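Throw the hints in and build the complete structure from the sequences for me.
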Amino acid sequence: MELDFKCSDVGVWKKALSSYESKVESLNKPDLVSLDQYYRVELPSLLHGRDPNPYLTTSELSQLMKWKLSRGKWRPRLLDFVSSLDDSVVKSASEKAFKSLPDISKAVNELTVLKGVGPATASAELKLEGEWGGASDVERALWSCTVRSKSKPAEKSSSEKKRKRKE
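Letter 145 of the sequence shown, counting from 1, is numbered 145 in full-length UniProt numbering, and no numbers are missing.
Honestly, the hints are just simulated from the structure, not real lab data. Hints may be right or wrong, so weigh each one.
As the list claims (entries may be wrong) - In silico lysine-lysine, BS3-like type, Cα no more than 30 Å apart, as pairs:
1. LYS99 - LYS29
2. LYS15 - LYS73
3. LYS29 - LYS115
4. LYS23 - LYS6
5. LYS99 - LYS127
6. LYS29 - LYS73
7. LYS91 - LYS115
8. LYS14 - LYS73
9. LYS127 - LYS115
10. LYS23 - LYS73
11. LYS99 - LYS115
12. LYS127 - LYS96
13. LYS91 - LYS127
Since this is a predicted model, take the numbers as computed values, not measurements.
The following block contains the structure:
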């Protein structure tokens, strides 16, 4: 689905959002559907159940890392680092990070002290708390539009082809 990002038609964006789950399934990546469900539904519910002091466990952080890696390049070493972290260290760092919100920079810094956790994983973790957004409908709609099925590569526009030839 090609989408004009300047489009203000709510119906078009709702359609893009409604295609999110089918786009995830179309990637045919092992465990991605269940990991995505865990990240978008189960883990936020666990965190909200721990209010007013939410935190993550090592096991939860490992699942979050699996989710992140399954959506992009698989780097098993990162998962090894995260899975070997002491539970008390993960709990402490994640509690400090969530308490730092809405100061995103400080919160990310609190999490990136954990071996294997970089800014991308830290921001994915912080979004779970919902303090500054959560995995929003807008993000899922945009992601749905940009993910392409392996069976249907996108055609390049004539302007893209011309630009490529000039390079």
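Okay, the hints, checked on the actual structure:
Proposed proximity of LYS99 and LYS29 is contradicted: the alpha carbons are some 34 Å apart, above 30 Å. About 28 Å separates the Cα atoms of LYS15 and LYS73, which keeps this hinted pair within 30 Å; it holds. Restraint check for LYS29 and LYS115: the C-alpha separation of about 26 Å stays at or below 30 Å, so the hint holds. For the given pair, LYS23 sits about 22 Å from LYS6 by alpha-carbon distance, which is consistent with the 30 Å threshold.
Distance restraint check for LYS99 and LYS127: the Cα-Cα separation of roughly 13 Å lies within the 30 Å cut-off, and the hinted pair is therefore satisfied. At most 30 Å may separate the alpha-carbon atoms for a hinted pair to count; LYS29 and LYS73 meet this at roughly 12 Å. Annotation: proposed proximity of LYS91 to LYS115 holds, straight-line Cα distance about 14 Å (limit 30 Å). Taking the CA atoms of LYS14 and LYS73, the gap is near 28 Å; set against the 30 Å cutoff, the hint holds.
Simply put, LYS127 and LYS115 have alpha-carbon atoms about 20 Å apart, close enough for the 30 Å limit, and the pair holds. As the CA atoms of LYS23 and LYS73 are separated by approximately 17 Å, the hinted pair is consistent with the 30 Å bound. This hinted pair checks out: LYS99 and LYS115 have alpha carbons roughly 20 Å apart, not beyond 30 Å. Pair hint LYS127 plus LYS96 holds up; C-alpha atoms about 15 Å apart against a cutoff of 30 Å.
Restraint check for LYS91 and LYS127: satisfied, since their Cα atoms lie roughly 16 Å apart, inside the 30 Å limit.
Hint 1 from the list above is the single one not met by this structure.
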